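Q: Take the sequences, apply the hints, and build the full model.
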Amino acid sequence: MAKQSNVAAAPAGGAPTFGQVARETIRFFLSELKPKGKMLTPFNIITGGIILAGLVMIVIRFAFGLSSVSNLSQNYPWGIWIGFDVVTGVAFAGGAYVLCFVVHILKIKKFEPIVRVTVLNGFLAYVFYAGALLLDLGRPWNVINPIIGNAFGLSSVLFLVAWHFLLYMICEFLEFSPVVAEWLNWPKARRILMGLSTGAVIFGITLSTLHQSGLGALFLLAPSKIHPLWYSHNIPVMFFVSSVFAGLSMVMIESFFTQKAFKDRIGHELHAAHDSILLGLGKGAVGALFAYIFIKLIDFVHYKLWVHLATPMGYWYLFELVGFVLLPTALFLKAIWDRNPRLVQFTAFLTAAGVILNRLNVSVIAFKWYETVRYYPSWMEIWVTLAIISMELWVFRWVINRMPVFGEEHEVVEEKTAEDLEVITWKA
Amino acid sequence: MTISRRNFLKVAGAAGGVLLSGGNRPAHAVTAPQTSEGGVEFNGMLIDTTKCIGCRACEEACNEANNLPKPKVSFSTESVFEQKRDTTPEVFTVVNRFPNEKKPDQPIFVRKECMHCNQPACASACLCRAMEKTKEAAVIYHKDRCMGCRYCMIACPFDIPKFQYDSPTPYVWKCIFCNERQQRGEQPACSEACPTGATLFGKKRDLLEIARTRVYGEQDRYVQHIYGEHEVGGTGWLFLLGAPAEKLGLKTNLGTTPYPELTAGFLYGVPLVFVLWPSLLIGLNYLIKDTKESDKKEATHGEAE
Numbered sequence: 004m005a006k007q008s009n010v011a012a013a014p015a016g017g018a019p020t021f022g023q024v025a026r027e028t029i030r031f032f033l034s035e036l037k038p039k040g041k042m043l044t045p046f047n048i049i050t051g052g053i054i055l056a057g058l059v060m061i062v063i064r065f066a067f068g069l070s071s072v073s074n075l076s077q078n079y080p081w082g083i084w085i086g087f088d089v090v091t092g093v094a095f096a097g098g099a100y101v102l103c104f105v106v107h108i109l110k111i112k113k114f115e116p117i118v119r120v121t122v123l124n125g126f127l128a129y130v131f132y133a134g135a136l137l138l139d140l141g142r143p144w145n146v147i148n149p150i151i152g153n154a155f156g157l158s159s160v161l162f163l164v165a166w167h168f169l170l171y172m173i174c175e176f177l178e179f180s181p182v183v184a185e186w187l188n189w190p191k192a193r194r195i196l197m198g199l200s201t202g203a204v205i206f207g208i209t210l211s212t213l214h215q216s217g218l219g220a221l222f223l224l225a226p227s228k229i230h231p232l233w234y235s236h237n238i239p240v241m242f243f244v245s246s247v248f249a250g251l252s253m254v255m256i257e258s259f260f261t262q263k264a265f266k267d268r269i270g271h272e273l274h275a276a277h278d279s280i281l282l283g284l285g286k287g288a289v290g291a292l293f294a295y296i297f298i299k300l301i302d303f304v305h306y307k308l309w310v311h312l313a314t315p316m317g318y319w320y321l322f323e324l325v326g327f328v329l330l331p332t333a334l335f336l337k338a339i340w341d342r343n344p345r346l347v348q349f350t351a352f353l354t355a356a357g358v359i360l361n362r363l364n365v366s367v368i369a370f371k372w373y374e375t376v377r378y379y380p381s382w383m384e385i386w387v388t389l390a391i392i393s394m395e396l397w398v399f400r401w402v403i404n405r406m407p408v409f410g411e412e413h414e415v416v417e418e419k420t421a422e423d424l425e426v427i428t429w430k431a
Numbered sequence: 231m232t233i234s235r236r237n238f239l240k241v242a243g244a245a246g247g248v249l250l251s252g253g254n255r256p257a258h259a260v261t262a263p264q265t266s267e268g269g270v271e272f273n274g275m276l277i278d279t280t281k282c283i284g285c286r287a288c289e290e291a292c293n294e295a296n297n298l299p300k301p302k303v304s305f306s307t308e309s310v311f312e313q314k315r316d317t318t319p320e321v322f323t324v325v326n327r328f329p330n331e332k333k334p335d336q337p338i339f340v341r342k343e344c345m346h347c348n349q350p351a352c353a354s355a356c357l358c359r360a361m362e363k364t365k366e367a368a369v370i371y372h373k374d375r376c377m378g379c380r381y382c383m384i385a386c387p388f389d390i391p392k393f394q395y396d397s398p399t400p401y402v403w404k405c406i407f408c409n410e411r412q413q414r415g416e417q418p419a420c421s422e423a424c425p426t427g428a429t430l431f432g433k434k435r436d437l438l439e440i441a442r443t444r445v446y447g448e449q450d451r452y453v454q455h456i457y458g459e460h461e462v463g464g465t466g467w468l469f470l471l472g473a474p475a476e477k478l479g480l481k482t483n484l485g486t487t488p489y490p491e492l493t494a495g496f497l498y499g500v501p502l503v504f505v506l507w508p509s510l511l512i513g514l515n516y517l518i519k520d521t522k523e524s525d526k527k528e529a530t531h532g533e534a535e
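The listed protein sequences correspond, in order, to chains A and B.
If you number the first sequence the way the working numbering does, the last residue is 431 and the count never jumps.
If you number the second sequence the way the working numbering does, the last residue is 535 and the count never jumps.
Treat the hints as calculated values from the structure; they're not laboratory data.
Hints may be right or wrong, so weigh each one.
Unchecked claim - Computed footprint of chain A on chain B, listed as stretches where at least three residues anywhere in the stretch have a Cβ under 8 Å from a Cβ of chain A:
1) 321-328
2) 344-358
3) 369-379
4) 393-399
5) 478-489
6) 507-519
What the hints assert, rightly or not - In silico lysine to aspartate or glutamate, EDC-like type, Cα no more than 16 Å apart, as pairs:
7) B:Lys314 with B:Asp389
8) B:Lys300 with B:Glu320
9) B:Lys302 with B:Glu320
10) B:Lys365 with B:Glu290
11) A:Lys112 with B:Asp525
12) A:Lys110 with B:Asp520
13) B:Lys481 with B:Asp389
14) A:Lys263 with A:Asp278
15) A:Lys112 with B:Glu523
16) B:Lys302 with B:Glu290
17) B:Lys333 with B:Asp316
18) B:Lys433 with B:Asp525
19) B:Lys314 with B:Glu523
20) B:Lys373 with B:Glu320
21) A:Lys299 with A:Asp278
22) B:Lys281 with B:Asp450
23) A:Lys110 with B:Glu320
24) A:Lys371 with B:Asp389
25) B:Lys481 with B:Asp316
26) B:Lys433 with B:Asp450
27) B:Lys373 with B:Glu410
28) B:Lys314 with A:Glu374
29) A:Lys110 with B:Glu523
30) B:Lys481 with A:Glu323
Computed from a predicted structure; not experimentally measured.
From the three backbone atoms N, C-alpha and C, an ideal C-beta is built for every residue, glycine too.
A: As structure tokens, then:
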């Protein structure tokens, strides 16, 4: 198989020694670590500044405690680092398990060109947003206690969520690892990793079901603190269902930006199919939205929620539900009816805003709504959140610019050759 | 019309239990356990708000017993009652003053500290068992296990655990029912220091009998409600009230379901999903692979013809 190698080719004749391979590999890594393209773009300057200042704040936080950068208090133990970074960030990472289900289990080939980028996105979201949890933990060095220690809090939903985060990150890395193997030009490793991927996908979907809903189940323990319009026994189910449309919306939003930012990295296949993929994603999202509306309706009747509607919190609830759940549903339907991918993409932004609103409502805004002194995030909490998003974007860009994430030509060619080979051997 | 208190509570408890449990579980209200799982009798504390004189001897004793930093104003300063105080990482118990509508010259003093629930929300929330219920009833804190996630604070219906936000190596602090003293066979520092018997230590079963006797015997003096008897499935500390709970800063919207049961249903579902999802997904995977392959074969067959 003649193929251009990323790693400089081994000297012709005779197997390369281990030392040579190691040296070449290190050289390859070093060359890949270098940034590609112009350094001083507006994007780089702005996000770079945010990251640098954010790092300073993180140092301050670890030197002087959480109160030095955050507005957290005895009354509000969880702020936006949990409510936005973790609870919302993980919902947006839901696209990975949904698409893996559609492509690897249902074998709908149409969405194949975007699976890799979605899995990458999901993986990075977990690394960075679940990683942001470490900033919020008072004693982050003890984070391994429930994993290795003799202290298994089996009755805790958080125990489940912690384990699932860890296992799911491994699953997503396995799902993505064939891309890494292609980048490193390790065909053997790639074949082994591809063999693992069905298992990783199945395990990953199971884990996602449980920890997406588990994030919601965390709040089941606060019935007297969360406003009745948001507290429900169905929070876990609602978190799970909304993670489907949250994830799909994020896939559409991500494609909106990558189509512009990484034009040269996107293969013909994806380019040609993009509009049809968007419409398909919109259909998936609208299905999940309908399920979500239905659960909301059940709650509305079961908990007699109408008695709360004519209050400030009631208006806020209606704002969330009408503006960011019902309206997106209607817009998605119209967009699918008109076959209008631009409207699908716009609606994805609206849907994502609704998910942010919902997650923040459950975890922060409707939490202890009755207190006179309310929590609002400090500017440094917001800044650090932006820094984490910026870091994720940098790593995302680094990977996109180096690894065959968008299903490029040579990968397809390679697959064909492998198939051809099989056919040839079978015929012979 | 007369409704006996006990019947009323049964009905109210059952209604509350049904409401909170979504109607699929029996009410627990009338059967709050008085013993731990091993059959050890729970210890408890009976706080009689009508006997408390606001001397804050309990606060002082608590401060000393737990080696907490001395407060800026002495324990005999009465001006602290002008504001409602809360516990902090350095103060595990506080006495607050509330107006007495029946006898305006005799304000009611109410202590606030950990209630040591029979089935504590904090302990069920903790993912590394840093919060733990001992068999004698104390809810204690293993600080070496804690990772500082503060989920216990989210979960606690009484907002008791307090976190050291100003420390780079913070812990969560709260009353631990003087667990070490109890292990030595002594009573907690606060009840020992109480000069009026307003804080009474004993076996919870006995305390509940005392509480009932007082409430039945002196109906003018007490509100007909033993706070903590049924709240969140029963608490280790019981309060006799000189005024309705809501007028004494006590939460009245907590229901009677033990908090761990709020998440138990979800957690029971976890192993089910772990068994069902992979089997369904593997099945679906093979089914669709098979269908696609036979479709392909048919297609090629058709072409050949």
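Q: Is the hinted pair B:Lys373 and B:Glu410 satisfied, with a Cα-Cα distance of at most 16 Å?
A: This hinted pair holds, its Cα atoms lying about 15 Å apart.
Q: Check whether the Cα positions of B:Lys481 and A:Glu323 lie no farther apart than 16 Å.
A: Answer violated: B:Lys481 to A:Glu323 is near 29 Å, above 16 Å.
Q: Could you grab the alpha-carbon distance between B:Lys365 and B:Glu290 and see if it respects the 16 Å cut-off?
A: violated, 27 Å
Q: Is the straight-line distance between the alpha-carbon of B:Lys302 and that of B:Glu290 16 Å or less?
A: Given that 16 Å is the threshold and the Cα spacing comes to 13 Å, the pair holds.
Q: Would you check the hint for A:Lys110 and B:Asp520, treating anything up to 16 Å between C-alpha atoms as holding?
A: holds, 11 Å
Q: Within the assertion that chain A covers the stretch 369-379 of chain B, do at least three residues meet a Cβ-to-Cβ distance smaller than 8 Å?
A: n = 6 at 8 Å, threshold three: holds.
Q: Between A:Lys112 and B:Asp525, is the straight-line Cα distance small enough, at 16 Å or below?
A: holds, 15 Å
Q: Mind checking the alpha carbons of B:Lys281 and B:Asp450 for me, to see if they're no more than 16 Å apart?
A: holds, 14 Å
Q: Keeping to a limit of 16 Å between CA atoms, is the pair of B:Lys314 and B:Glu523 held or broken?
A: violated, 73 Å
Q: Would you check the hint for B:Lys481 and B:Asp316, treating anything up to 16 Å between C-alpha atoms as holding?
A: holds, 14 Å
Q: Between the alpha carbons of B:Lys433 and B:Asp525, is the straight-line distance 16 Å or under?
A: With a Cα-Cα distance of about 74 Å, the restraint between B:Lys433 and B:Asp525 is violated, given a limit of 16 Å.
Q: Please work out if A:Lys110 and B:Glu320 have their alpha carbons no farther apart than 16 Å.
A: violated, 59 Å
Checked against the numbered hints above, the structure violates hints 1, 10, 17, 18, 19, 21, 23, 26 and 30; every other hint is satisfied.
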